[in-house]
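Enquirer: The residues making up each chain are set out below.
Protein chains: 2
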Amino acid sequence: MEVEGAQICELSERELHEATVTTPVNIAVVKYWGKRNNDLILPTNSSISCTLNQDHLNTKTTVRASSSYTDDRFWLNGIEETISNSPRLTTVLVTLRAIRKEKEKTLGPLAEGEKPLSEWKLHIASENNFPTAAGLASSSSGYAALAVCISKVLELDLTASELSKIARRGSGSACRSLYGGFVEWQHGVDPSGEDSCAVSIAPESHWPELEALILVVSDVKKSTPSTSGMSTTVKTSELFPLRVNEVAPKRIKQMEQAILEKDFNSFATIAMKDSNQFHAVCLDTFPPIFYLNDVSRGIITLVHRFNSQVDPATGEPLGIRAAYTFDAGANAVIFVLKNNVKELVEYIASHFPPATLQPTSVYFPDPFGIFRSADAPTASGFEEYLKATPKTFELLPTFEPGSVRRIIHTNIGDGPRNKPCSASLLNVSGMPRRAKD
Amino acid sequence: MEVEGAQICELSERELHEATVTTPVNIAVVKYWGKRNNDLILPTNSSISCTLNQDHLNTKTTVRASSSYTDDRFWLNGIEETISNSPRLTTVLVTLRAIRKEKEKTLGPLAEGEKPLSEWKLHIASENNFPTAAGLASSSSGYAALAVCISKVLELDLTASELSKIARRGSGSACRSLYGGFVEWQHGVDPSGEDSCAVSIAPESHWPELEALILVVSDVKKSTPSTSGMSTTVKTSELFPLRVNEVAPKRIKQMEQAILEKDFNSFATIAMKDSNQFHAVCLDTFPPIFYLNDVSRGIITLVHRFNSQVDPATGEPLGIRAAYTFDAGANAVIFVLKNNVKELVEYIASHFPPATLQPTSVYFPDPFGIFRSADAPTASGFEEYLKATPKTFELLPTFEPGSVRRIIHTNIGDGPRNKPCSASLLNVSGMPRRAKD
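Those sequence lines, one after another, are chains U and A. Oh and the first sequence: position 29 is 29 in the numbering used here, straight run, nothing missing. Oh and the second sequence: position 18 is 18 in the numbering used here, straight run, nothing missing.
Hints are not guaranteed to be accurate.
If chains are identical, the list can't say which one is meant, so a pair holds when it fits in one copy or spans any two.
[Unchecked claim] Derived pair list, reagent style DSSO-like, types lysine-lysine, alpha-carbon separation capped at 30 Å: (1) LYS103 / LYS115; (2) LYS121 / LYS419; (3) LYS235 / LYS262; (4) LYS250 / LYS235; (5) LYS250 / LYS35; (6) LYS152 / LYS115; (7) LYS253 / LYS235.
Honestly, the hints are just simulated from the structure, not real lab data. Quick caveat: nothing in here was measured; it's all calculated off a predicted structure.
Pulled out of the complex, with its shape left as it was, chain U reads as follows (with noise of 0.2 Å):
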């Protein structure tokens, strides 16, 4: 692969406009539920998200113009698919290529025979190293790894604001993926979506100690695809008004203070009460929709034990130490100081016992192969715990062994990485190197 990919770096630039990027997976703390423009994919409401590590979790984009190239072909995770089909992704091609087409004419006379590069055509290859449409958001690294790639490859000098308004008409919360650390998604006012665009609360440097457990529930793809689900919300929903107009605007200020002041108290109780939220105007939806499952019910209620607990010393509140919140799926993301990752591993596992595991059975370490996930480091100290002498716990029956298939340890990471031509998803001859039937 490596030899491959090194060919590939020898290819002259003339022959070769290719760029690779990774870009990260981010999960709203304040939701993002409702159009007030379908086509432009403008919001009812501004949303706050944070970005995850994509160590852990990423998509990796390759897109590679040629002029040699007949057609703009597009493969996600090895399988062809048609790019008409797909009116968000013409969308974003369509505009990096005005974008161009405008540089171009800047640029001096290209010589006979010539096509300028907003012609040539694109081959692009797309991988996630997690499942797609599972409720994980693998649209918004998507859309924001194609954002990035088509322009680096279109060699158009556009800052992360301009590359969020192009990535949000792909997906909306792709906005998002363009900035590390903590990132709002400013609603905007202006018809025409120009600052409707993401912007940097702080970045992934900001907040170290704050780390991520992702509760992968399930895989199957989620019953109702979030496009047409927040459409008949916004149409159907009486409770909705509210959350736009009122509550959602106020959790936005205090989302944002709680990060800067980094209270996890605040960010924590904010976070659940708006996914709680989001969920409840999904129920009050008609027909209704239903993200959530008994299991996503169960973590739900052990969150709120855990962060009911007293010091067993003192008998003092131990206070709010987790904060779940699931977006349109079943898969739990749980927020926790570094500090507290050991303890809420060991209690959700007693209460979700991995698959292979009896009751009273020693799981540690790596039950739930938390780490085996991705060839990459661990987020936390906490691998040095795994290590340490296996333990024995009393798994409490609550459900069905394997109703928690996977836990997938994360941190807040950076945004889009530019990856070597090494990294290329393309072989020599411009199709994908992992090729599906």
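With chain U held as given, fit chain A onto it using these hints.
Expert: Leaving out everything else, chain A in the frame of chain U:
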């Protein structure tokens, strides 16, 4: 049993002040959730319910007063409960005794050594013919029975409206079980609660085509009692004020009109939306409250699918022909017009196969033991259908067989019924006939 009952009947009135009544369960179609006064049980919004036929679901209560009893005693389903542990039962008792005391001021003097009836102790026995506290509104029929029965024994001449205010103090929704048919609990505005009572919208004879299937999902005790649940909602749900101030009042008017016009489409749509909104504000409560489980959600999806069917002959939509509603539990009540019951039961059974049957199995007649639940006539001509040739269905194994444990087929019924003394739940000694250890 009947012999003993006959003996009781022969006791002289001097020795025996006894009454036995049965009362129906009611199911709200515009929900009551939230009190503006916890002590007086005054609701934040008006609600509307349908009284179900007590031939199928009922509470039966016997109250006997005797000058020889030394204590008030209470047996629920044959098990003695400590009255002082139930402030609400105490409230009902104290309220009715106070009215009796007022009345006694207008009566002639008692014989030497005779105690006024208001000072006689009561033995109370109550039985539900369905599981208590499983979200089937046992408290509604229970407190209605208690209010009616005690007032009879104390020889009070109270109207249904007056009794509804007393039953309300036991359990809010109980006030609606004082009438048959279609009932509104008016929230009232008086701080004393004097105007917070039930009124009849239409009697049980008004809409004889309207029937109901109760899908019993679970008979485990529900996790969050409604009293504490609704109190937390009022305190923490930020969407709740919109429901109370705008949505519920509008739906009360619309639902009343739909009932009066026997407009099933509107009745069904409002009932489903209001059930969903009630569960939505539960989810918007912090910590969130869950009553629906995966099976409940499956039933909701199934009803929406049933309602989106088209006539195979014409291709025309068949329209809304079923309406789910869920109270504080996982069980569904599905309203359906008589001529669609057969088809709906088939549809339910093909998605939620009974426990004992495998896919592609002969399951009619009576797959769920629908009519074995009570020694009572069936609600409609459906019985004849069930007696017809058994049918074979391709059962869809969407859910585990037995996820819907039982279906109770019922219709709209009358209000409290006086029973003869032969139906007494107490034996000659004033102890429950069917006591449990």
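Enquirer: Give a verdict on every hint.
Expert: Status of the hints after comparison with the structure:
no.: 1; hint: LYS103 / LYS115; result: within (14 Å within a copy, 103 Å between copies)
no.: 2; hint: LYS121 / LYS419; result: within (22 Å within a copy, 86 Å between copies)
no.: 3; hint: LYS235 / LYS262; result: between (37 Å within a copy, 27 Å between copies)
no.: 4; hint: LYS250 / LYS235; result: both (23 Å within a copy, 18 Å between copies)
no.: 5; hint: LYS250 / LYS35; result: both (19 Å within a copy, 26 Å between copies)
no.: 6; hint: LYS152 / LYS115; result: within (18 Å within a copy, 97 Å between copies)
no.: 7; hint: LYS253 / LYS235; result: both (26 Å within a copy, 22 Å between copies)
In this structure, none of the earlier numbered hints is contradicted; all agree with it.
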